[in-house]
Amino acid sequence: MTLKECYTAMGGDYDEVMGRLRSEKLVQKFVLKFLNDGSYQLLLDSLAAGDRDEAFRAAHTIKGVCANLAFNTLLASSEELTEALREGKPPQPGEEELVARVKTDYERTRQAIQAYQEGAGG
Amino acid sequence: MDTLERIADRQTILIVDDSEMNRAILADMLGNEFDIIEAENGKEGVAMLQKHGPEVSLVLLDIVMPEMDGFGVLNMMNKYHWIEDIPVIMISAERGSSHIERAFELGITDFISRPFDALIVHRRVVNTILLYAKQKKLTAMVAEQIFEKEHRSSLMIDILSHIVEFRNGESGMHVRHVHTLTETLLKVLVQKTDRYHLSQTDISVIGTASALHDIGKIAIPEEVLNKPGRLTNEEFAIMKTHSMVGADMLEALPFYQNEPLVKAAYQICRWHHERWDGRGYPDGLKGDEIPISAQIVALADVYDALTSQRVYKPAYTHEQAVSMILNGECGTFNPLIMECLRDSADDIPAGLSDDSIESRNRREMQNVARELHKHEELTASERTLELLEHERMKYSFFASLTQEIQFEYTVTPPSLVLSTWGSEKLGLPEIVMDPYQDEAAQAIIAPEDRDSIAGALRSTTPGNPVVQSDCKLFLDGEEKWHRIIARASWSSEEPPRYTGCIGKALDIHSSRLQLEHLEQQASHDGLTGLLNHAYAKKRIMERLEDRPSGRYALAILDLDYFKSANDTYGHMFGDQVLKFIADRMRHSIRGGDIAARVGGDEFLIFLEYKTDLESTIDGVYKRLAGGSYEDFKISVSMGVASAETVGVDYDTLFRCADQALYVVKNSGKGHYSYYEKEHAPVGEDISAVSPIDGEDEAGQAQHEEESK
Chain A
113 MTLKECYTAM GGDYDEVMGR LRSEKLVQKF VLKFLNDGSY QLLLDSLAAG DRDEAFRAAH
173 TIKGVCANLA FNTLLASSEE LTEALREGKP PQPGEEELVA RVKTDYERTR QAIQAYQEGA
233 GG
Chain B
25 MDTLERIADR QTILIVDDSE MNRAILADML GNEFDIIEAE NGKEGVAMLQ KHGPEVSLVL
85 LDIVMPEMDG FGVLNMMNKY HWIEDIPVIM ISAERGSSHI ERAFELGITD FISRPFDALI
145 VHRRVVNTIL LYAKQKKLTA MVAEQIFEKE HRSSLMIDIL SHIVEFRNGE SGMHVRHVHT
205 LTETLLKVLV QKTDRYHLSQ TDISVIGTAS ALHDIGKIAI PEEVLNKPGR LTNEEFAIMK
265 THSMVGADML EALPFYQNEP LVKAAYQICR WHHERWDGRG YPDGLKGDEI PISAQIVALA
325 DVYDALTSQR VYKPAYTHEQ AVSMILNGEC GTFNPLIMEC LRDSADDIPA GLSDDSIESR
385 NRREMQNVAR ELHKHEELTA SERTLELLEH ERMKYSFFAS LTQEIQFEYT VTPPSLVLST
445 WGSEKLGLPE IVMDPYQDEA AQAIIAPEDR DSIAGALRST TPGNPVVQSD CKLFLDGEEK
505 WHRIIARASW SSEEPPRYTG CIGKALDIHS SRLQLEHLEQ QASHDGLTGL LNHAYAKKRI
565 MERLEDRPSG RYALAILDLD YFKSANDTYG HMFGDQVLKF IADRMRHSIR GGDIAARVGG
625 DEFLIFLEYK TDLESTIDGV YKRLAGGSYE DFKISVSMGV ASAETVGVDY DTLFRCADQA
685 LYVVKNSGKG HYSYYEKEHA PVGEDISAVS PIDGEDEAGQ AQHEEESK
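Sequences listed follow chains A and B, in order. Okay, so the first sequence: first residue is 113 according to the numbering used here, each after it adds one. Okay, so the second sequence: first residue is 25 according to the numbering used here, each after it adds one.
It is worth saying that the hints were derived from the structure and are not from the lab. Hints are supplied without guarantee of correctness; some may be wrong.
As the list claims (entries may be wrong) - Straight-line alpha carbon distances no greater than 30 Å define the calculated DSSO-like cross-link-like pairs of lysine-lysine that follow: (1) B:Lys634 with B:Lys587; (2) B:Lys67 with A:Lys141; (3) B:Lys562 with B:Lys449; (4) A:Lys145 with B:Lys67; (5) B:Lys634 with A:Lys201.
Claimed, not checked - Here are a few chain B residues that sit away from chain A, every Cβ distance over 12 Å (derived from the structure): (6) Ser43; (7) Leu179; (8) Glu448; (9) Ala465; (10) Glu540; (11) Asp636.
We put the beta carbon where it would ideally sit given N, CA and C, even for glycine.
Whole structure, please, built from the sequences with the hints as guidance.
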């Protein structure tokens, strides 16, 4: 699996990220690092604990990282969730579906990266 | 990047972002050319800025962060004016224009939105750093020029005025003395009144201009100027022209007529021989018609003339000169200025003797510093920063060598900076922002100790700012004695403001414990742990002296048949018996009583009673005597003397109690008795003592029987 195929699998834009960061090595390094970032776990934990401020910051961080790496599918759902959680907003109907979407998108991204990692490792 | 090479050193960039990924991406893009330091939230970012100060060339700042967000950081940077020296580029995925606008209002240099392009970030970072470097260089150049200008002009004035002096045959110190005196008097004057609207700059300008007061003497013929002996009226008339001549010379200058220095010098030259009552020359001005600059220099001139030797007179002492001026022997002066002279009279001799080249230069530096201070953008020249950097390096080097807890506390922003070793020792970060709100920091020291040290520091003075205090610190859950030595920092404004402190905490735990141990050893009996005789005596005498009216009694007791215990069971066993009885004593006496081992098997108890001595003593005795230790029956003989009977003298009490004990020992042991006045000297009238609990010789025999 190539890095480009990995991007296709997760619904990201390989050409865009290469256009901005300009080095496949750099992109690869951060794509592999993505799974170690604690923000996703923090998002799930703080949602479970009902801490919407913390959840907002976690979603915001995921959105920022996805934007930088052009993980556009996860970017779209995490951006929507960020706005839904933004300070002062009470929970809206459909928020649960949104969280579920983020989970699905994250899972898809994770699987793509893992497959790439195994391919790259083997 | 070749443009960057023009800046000699590697620049440091601070990245403040809560996402490690984001920091890593930025660090990766910039790490080849810059030193990167990272902070994971706003609070940490501020702490980094506090620590690294002007070393940081640029901040890359995220907006949404825990603890303190990007706007919080910008607010702090504004509050402490860091934003004026350190450029900030904000990087954020926030798209709302209100966010961006607010960030620019708070002083950011640039805004980059996520997702960012590596080239753009790099380009903007480099541009911003170059721009600021250029600005810093310009700032330094301007500062340098001001310094040079000031330096050169005062140099020229020095040369000029010394030419006059040498021609005049004076010591060369006159000009300097007048300068110092003028500034001293002016500084006292502005504290007394704002009538003359004098700023710091005015004082400095008048001081410098004072050097030119006699410049007109250059036109006075040599034979008049340096005539030994009194001048004739005609010669004096020529001499008097020097003030007007000096003024004319300055007025004839083709340039600089509007320079404050030239204006002040004109006034001083022309009117420094005017007098308050209008009897001076050349214009006969009166009172405040004479400019204040000339009034002051006139007094300074007279004072220095009096205290210097001249061809026609000896030097008067400082005291003589001051009293001559105050008595009006040298013409009348403004009463307010006379008051200034009186007030500063004590400081003047020291001020003048300190009038070396160095102190002159120091003063000049201060003038320059004041001048620089007025130009907001010139708060610190490159030179100052270098010095500062050097000091910082020195400090951190020495701090890293010593194993000491060193600390620095600043009031605003409230922060505590610890040496590396100290931070490890205390288990705190090297920088603690808001230490009063920080639980970990507060757990180190008891609040009352903290407040007492803080209070002591705040009540120091700039002249005497050092405080020392011993207290316990809690390290790793253990209390350890430390000696805190700290120096308060005071600002240089009037009145000085407390700005924080620096200091260190020395571990004195083991020496403190050792001291306590030594004290314990010196005052206690090694075997039984009771007080020793010498220390008990001291304590008892203190009690007797403190309150001679108290009702005291001293009992001496002795273990009966102790020798047989030693002989039968050995000395180890004997020691155990002594410990056993000492334990009983500890439990038999009340809080204020004193129990001690006198020596061997002899002990003493000192007690105070309220009304009934007999029942008190009886209770003590019953708790002590009786029973046995293993096979050894405990029998105690005791003699008691009361202060009521024998007086409040320790030696008498002891001797009498001992006599009573002796009597008991000789009358069957195993009981106690009181010393009574009518007792004959020891051993002569044994029958006068009545056995109290009826033990007799038979009892002794029985005891011996049983203890075998």
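Separation of B:Ser43 from chain A, once the least beta-carbon distance is taken, above 12 Å: At roughly 4 Å from the nearest Cβ of chain A, B:Ser43 sits no farther out than 12 Å, so the non-interface label is violated.
Proposed proximity, A:Lys141 with B:Lys67 (alpha carbon, max 30 Å): holds (29 Å)
Pair hint B:Lys634 and A:Lys201, alpha-carbon separation not exceeding 30 Å: violated (77 Å)
Hinted pair A:Lys145 and B:Lys67, Cα distance within 30 Å: holds (26 Å)
Chain A versus B:Ala465 - minimum CB to CB distance exceeding 12 Å, so not interface: Per Cβ check, B:Ala465 is outside 12 Å of chain A; nearest 25 Å; holds.
12 Å cut-off, C-beta based - B:Glu540 kept clear of every residue in chain A: holds (50 Å)
Satisfaction of hint between B:Lys587 and B:Lys634, Cα-Cα up to 30 Å: violated (37 Å)
Nearest-CB test (12 Å) between chain A and B:Leu179: holds (58 Å)
Beyond 12 Å from each Cβ of chain A, as asserted for B:Glu448: holds (27 Å)
Whether B:Asp636 stays farther than 12 Å from all C-beta atoms of chain A, as the label says: The assertion about B:Asp636 holds, with a minimum of 71 Å to chain A.
Given hint B:Lys449 paired with B:Lys562 - CA-CA distance at most 30 Å: violated (42 Å)
Of the hints listed earlier, those the structure fails to meet are numbers 1, 3, 5 and 6, in rising order.
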